[in-house]
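*Asks:* Each protein sequence line maps, in turn, to chains A and B.
The opening residue of the first sequence carries number 1 in my numbering; numbering runs sequentially from there.
The opening residue of the second sequence carries number 1 in my numbering; numbering runs sequentially from there.
Derived by calculation from the structure, the hints in this document are not laboratory data.
Careful: at least some of the hints might be erroneous.
[To be verified] 16 Å max Cα-Cα, derived EDC-like pairs, lysine to aspartate or glutamate: (1) B:39 to B:77; (2) A:46 to B:463; (3) A:87 to A:64; (4) B:341 to B:177; (5) B:39 to B:86; (6) A:46 to B:285; (7) B:145 to B:649; (8) B:658 to B:688; (9) B:145 to B:285; (10) A:93 to A:14; (11) B:40 to A:66; (12) B:240 to B:230; (13) A:33 to B:77; (14) B:571 to B:752; (15) A:33 to B:59.
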Amino acid sequence: MDKGRKELLQGTLDLLILRTLSGASLHGWDIAKRIAVVSKDRLSLKQGSLYPALHRLEGRGWIEAEWGVSDAGRAAKFYRLTKRGRKELNAEKEQWLSFASAVASVLKMKEIE
Amino acid sequence: MAFVRLRSGQRAENEGDRVIPRDRWRWLRATCSRIFRRKKHEAALDAELQFHLQQLIAEYRAEGLSERDAQLFAQREFGAVAAYREEIRDSWRPPELADLWRTFRFAAGSLARTPGFTLLAIVALGFGVGGNTVMFSGFNSIVLKPLPYPNAAQLDSIDRATPQNPKGRVSPADFLDLQRESQTYGQIAAYMPSDATLSEPGHMAEVASGLRISPNFFATLAVQPRLGRDFRPDENLPGKDRLVILSERYWQKRFGGDPDVVGRIIRIDGEPHQIIGVLAASFNDWRHLGWVNLFRPIAFDHQQTRDRHSTILRLIGRRADNVSRSAAENFIANFGARLAKDFPEINAGTAWHAVPLAESIQGKSARSMLGMLIALSGFVLLIACSNLANLLLARTISRAREFAVRSALGASRMQLLRPVVTELLLLAVAGGLFALVVARWGADWLSVRSTGENGERLVLAFDWRVFGWAAGAALVTAIVFGLAPALFALRLNVNDTLKSGARGMTGGSGHRRFRQLLIVGQFALAMILLAGAAICIRGVDELNHRRAGWDSERLVTGTIILPARYSHPAKITAFHRLIIQRLESVPGIASASVSSFTPFFNWSDTRKYFIQGRDIPRPGHEPTAVVNTVSLRYFETVGTRLLAGRLFDDADMAGSPKTFIVSQSMASALFPNENPIGHHLAQAGGTDLQWGEIVGVVADVQSVLPDPGPVTFQLYQPMAQEPRTYNELAVRTGEAPAAMIDTIRNVMMELDPDLPVRQLQTADATIDRANYQLAVLRDMLSAFAVLGLGLASLGIYGVIARIMAQRTNEFAIRMALGACIRDITRIVLISGVKLALLGSVLGLIGAIAVGRILVARNPAMQLNSLPVLVATTLLLIVIALVACWLPARRASQLSPAEALRAE
Numbered sequence: 001m002d003k004g005r006k007e008l009l010q011g012t013l014d015l016l017i018l019r020t021l022s023g024a025s026l027h028g029w030d031i032a033k034r035i036a037v038v039s040k041d042r043l044s045l046k047q048g049s050l051y052p053a054l055h056r057l058e059g060r061g062w063i064e065a066e067w068g069v070s071d072a073g074r075a076a077k078f079y080r081l082t083k084r085g086r087k088e089l090n091a092e093k094e095q096w097l098s099f100a101s102a103v104a105s106v107l108k109m110k111e112i113e
Numbered sequence: 001m002a003f004v005r006l007r008s009g010q011r012a013e014n015e016g017d018r019v020i021p022r023d024r025w026r027w028l029r030a031t032c033s034r035i036f037r038r039k040k041h042e043a044a045l046d047a048e049l050q051f052h053l054q055q056l057i058a059e060y061r062a063e064g065l066s067e068r069d070a071q072l073f074a075q076r077e078f079g080a081v082a083a084y085r086e087e088i089r090d091s092w093r094p095p096e097l098a099d100l101w102r103t104f105r106f107a108a109g110s111l112a113r114t115p116g117f118t119l120l121a122i123v124a125l126g127f128g129v130g131g132n133t134v135m136f137s138g139f140n141s142i143v144l145k146p147l148p149y150p151n152a153a154q155l156d157s158i159d160r161a162t163p164q165n166p167k168g169r170v171s172p173a174d175f176l177d178l179q180r181e182s183q184t185y186g187q188i189a190a191y192m193p194s195d196a197t198l199s200e201p202g203h204m205a206e207v208a209s210g211l212r213i214s215p216n217f218f219a220t221l222a223v224q225p226r227l228g229r230d231f232r233p234d235e236n237l238p239g240k241d242r243l244v245i246l247s248e249r250y251w252q253k254r255f256g257g258d259p260d261v262v263g264r265i266i267r268i269d270g271e272p273h274q275i276i277g278v279l280a281a282s283f284n285d286w287r288h289l290g291w292v293n294l295f296r297p298i299a300f301d302h303q304q305t306r307d308r309h310s311t312i313l314r315l316i317g318r319r320a321d322n323v324s325r326s327a328a329e330n331f332i333a334n335f336g337a338r339l340a341k342d343f344p345e346i347n348a349g350t351a352w353h354a355v356p357l358a359e360s361i362q363g364k365s366a367r368s369m370l371g372m373l374i375a376l377s378g379f380v381l382l383i384a385c386s387n388l389a390n391l392l393l394a395r396t397i398s399r400a401r402e403f404a405v406r407s408a409l410g411a412s413r414m415q416l417l418r419p420v421v422t423e424l425l426l427l428a429v430a431g432g433l434f435a436l437v438v439a440r441w442g443a444d445w446l447s448v449r450s451t452g453e454n455g456e457r458l459v460l461a462f463d464w465r466v467f468g469w470a471a472g473a474a475l476v477t478a479i480v481f482g483l484a485p486a487l488f489a490l491r492l493n494v495n496d497t498l499k500s501g502a503r504g505m506t507g508g509s510g511h512r513r514f515r516q517l518l519i520v521g522q523f524a525l526a527m528i529l530l531a532g533a534a535i536c537i538r539g540v541d542e543l544n545h546r547r548a549g550w551d552s553e554r555l556v557t558g559t560i561i562l563p564a565r566y567s568h569p570a571k572i573t574a575f576h577r578l579i580i581q582r583l584e585s586v587p588g589i590a591s592a593s594v595s596s597f598t599p600f601f602n603w604s605d606t607r608k609y610f611i612q613g614r615d616i617p618r619p620g621h622e623p624t625a626v627v628n629t630v631s632l633r634y635f636e637t638v639g640t641r642l643l644a645g646r647l648f649d650d651a652d653m654a655g656s657p658k659t660f661i662v663s664q665s666m667a668s669a670l671f672p673n674e675n676p677i678g679h680h681l682a683q684a685g686g687t688d689l690q691w692g693e694i695v696g697v698v699a700d701v702q703s704v705l706p707d708p709g710p711v712t713f714q715l716y717q718p719m720a721q722e723p724r725t726y727n728e729l730a731v732r733t734g735e736a737p738a739a740m741i742d743t744i745r746n747v748m749m750e751l752d753p754d755l756p757v758r759q760l761q762t763a764d765a766t767i768d769r770a771n772y773q774l775a776v777l778r779d780m781l782s783a784f785a786v787l788g789l790g791l792a793s794l795g796i797y798g799v800i801a802r803i804m805a806q807r808t809n810e811f812a813i814r815m816a817l818g819a820c821i822r823d824i825t826r827i828v829l830i831s832g833v834k835l836a837l838l839g840s841v842l843g844l845i846g847a848i849a850v851g852r853i854l855v856a857r858n859p860a861m862q863l864n865s866l867p868v869l870v871a872t873t874l875l876l877i878v879i880a881l882v883a884c885w886l887p888a889r890r891a892s893q894l895s896p897a898e899a900l901r902a903e
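Generate coordinates for the entire structure from the input sequences, incorporating the hints supplied.
*Replies:* Below you can see the structure in the form of structure tokens.
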């Protein structure tokens, strides 16, 4: 693994995928790329976790898939957020942000003498 | 970061109860298609992953790598696809299903690795549950299924119990009286058996089973004809009664289901009758009147309506809605009591009962018989199950180390038991399916075997109750008998098991006792089955070969019913003489006769007698005898020996003084210290006593039927003095009786082409056929016994073989210390035979109970069970010896040095 890249924290993968899909419908390759680009290559998604996650989310009904044609003209499976997925995303996002800021505040606290 | 993720409950809270139907629907469809259209999804997954790989390659290529390197790098980065492919597949199934799927696949795999065990378990379960299911479906269609009449619970059988017959019949005058008073009860109808001769141009004349019924009979049963109409109230008058209603079965068989059959005129007993209706198929139900093909009205002439002597009618009643059972019983009992008071000479000692029709048909003994059969088939199941338990115990013990290790690593009881339970479930399902096949097959066999003379047959319905029974039995037995040994293994101490070494479990003393218990139980059950079957086989065999008081060799019998044009007594007598004369003139026929009964079946004509010169007994205490009305040459033909006096001869004519011949037991009981010849008897109950002289004493004859009735006195009277239209024809042939049958039929055809001879065959064939129901019972018991015995011997063989294997060490040491092979063999044999003996002795108690039930049902069967029980016990022990000896023989191949080294 490259030095700059971080291993994904367990459980955040779903959140990242949902967030990435919230703007557009994408295929697996693009999802991985986009996360890498937006995180400035600090987050990397391996196929071995990406595809099981996609199928799991699809199974839960948070995203749905449709076969389409990629930019390069090949058949690809495009994923898109469902209404339930969007609600899930909002809820998880709230949770995550509040959790992260809480952790941040604890880490940044000044020693109380 | 699992702790950040919300649990699904909280998530639902966030979501609220708002359901998004369209979303849900699409998701459901996608999920279903993921589960059920697996292949398509595999292909889609391939395409998806392939796309990703191509993108990767393209990227590497864009970075300037060669085509080969790009592919290589891409492949490497892509990783082992197969590894996460299964993870993806799991996400296609709902999580619980994925889990279950894995568990079942694991269990199926583990069963498939031990095919011998699996097959044995399925077969044992299948036969055990299957046999039991057949019996249950019998019980279901006989006891549980309601009679095919609307509101059948309101129907009663009305019986006039006499000291001789608890289900006695009723005279026409009694019936008409009862019917007049029946407003406080409901409806009452009468019927009497009256077989009929059917002769139509173009068809051979044949006899059809028939009933004469009161016109309200079908209305009482609440049955409507499917074609045509019912009888009208005034059609019970002489002259208006030339009408007939057909059963559905006979309509199909004889008239090809012709829809225009109503209105046709057919000749019955030589008279034209009009077909006015056809009954529904449901009326063919064999349990009640299903054997009847023709229904005609009973017509009473003026004299008959006042007749209180001829008890010929059976009654059936339907209680009105507002009449309770006890009120109905009281009403009928009171009516009977009044009759007994008003006409004591006929009715003394009689009592009238109203018994619910369903109960009356089944009878207590039929219920106990069915109960016994279900119990016996249950024993087969138990033996099968204890075998299963034994097999599973061995299997579980060989897993004991695995159990111990896993439980040491912290697996819970549930986790340990889960694979075991799953295996059992699979076995139960497979065994249950096999059982249904066995049951279906068994039911078909039973149905064919039990088909009666008129084609009425026992239809064993396969309804939800039967399926439920089979499924329940398979599930319960598999789980209970499978889980018991597993729980047993769980109780083992982890430490001890792990310490006991690589040889696995030798089975502690607890195990050994459990197994011995199973073997003892198996042999006890096998003993009951075997003894029950043996008693039944012997009893049926004895009945079928009983030829007491007559001679069956070269005897041909048949039934003729003279049509109405032989109504005049003189005409009947002349015809009888003609029959005997013509038949006896045929070369190869030694003698011929007609009689009202055959010597080998029950005589249903029961009469009471006074003895001249003695006090008239109190009403109800007169000597009672069954009466056979016989033609000349009867005794010579059937071979009943004359012991004293003379036989009937030409002098015993219609006008001449009455004469009787009595059986030996009647003679010695009524005239213990005097010569019966010359004494006079008269039939009791008539208005004027007609005395007749006893002219001869003959040997007793015995019925071959299992229930001969309570009357043992037999009395013969000359046919010429009381000519009958219902005749049993008997012909003693010279050689080859079977070859003479056609000759006899031809002679009879020449005498009267409208007169069919029913069941013209050798007496032996008739007797064989008569006890076919007992034979079915015998075959069923034998099947249970063979199955049970086979399973039990398999069980003891397995256990002894295992004990042998476990004690190899001990035997090796013994042999090293100087014991010889014979000693070892003896140890093994004795340990097995002890178990078998103990089981057999316990089983004897049950076997005696089975014998009791059989005797209660079939009082005339010779069920002398002591020698049978002794023989059965010996047989069981011999089988146990053989089953133990086979593994014990292995001891002789034991090489002490090798066996000890193996340790």
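*Asks:* Hint by hint, where does the structure go against what was stated? Just the numbers, ascending.
*Replies:* 1, 2, 6 and 7
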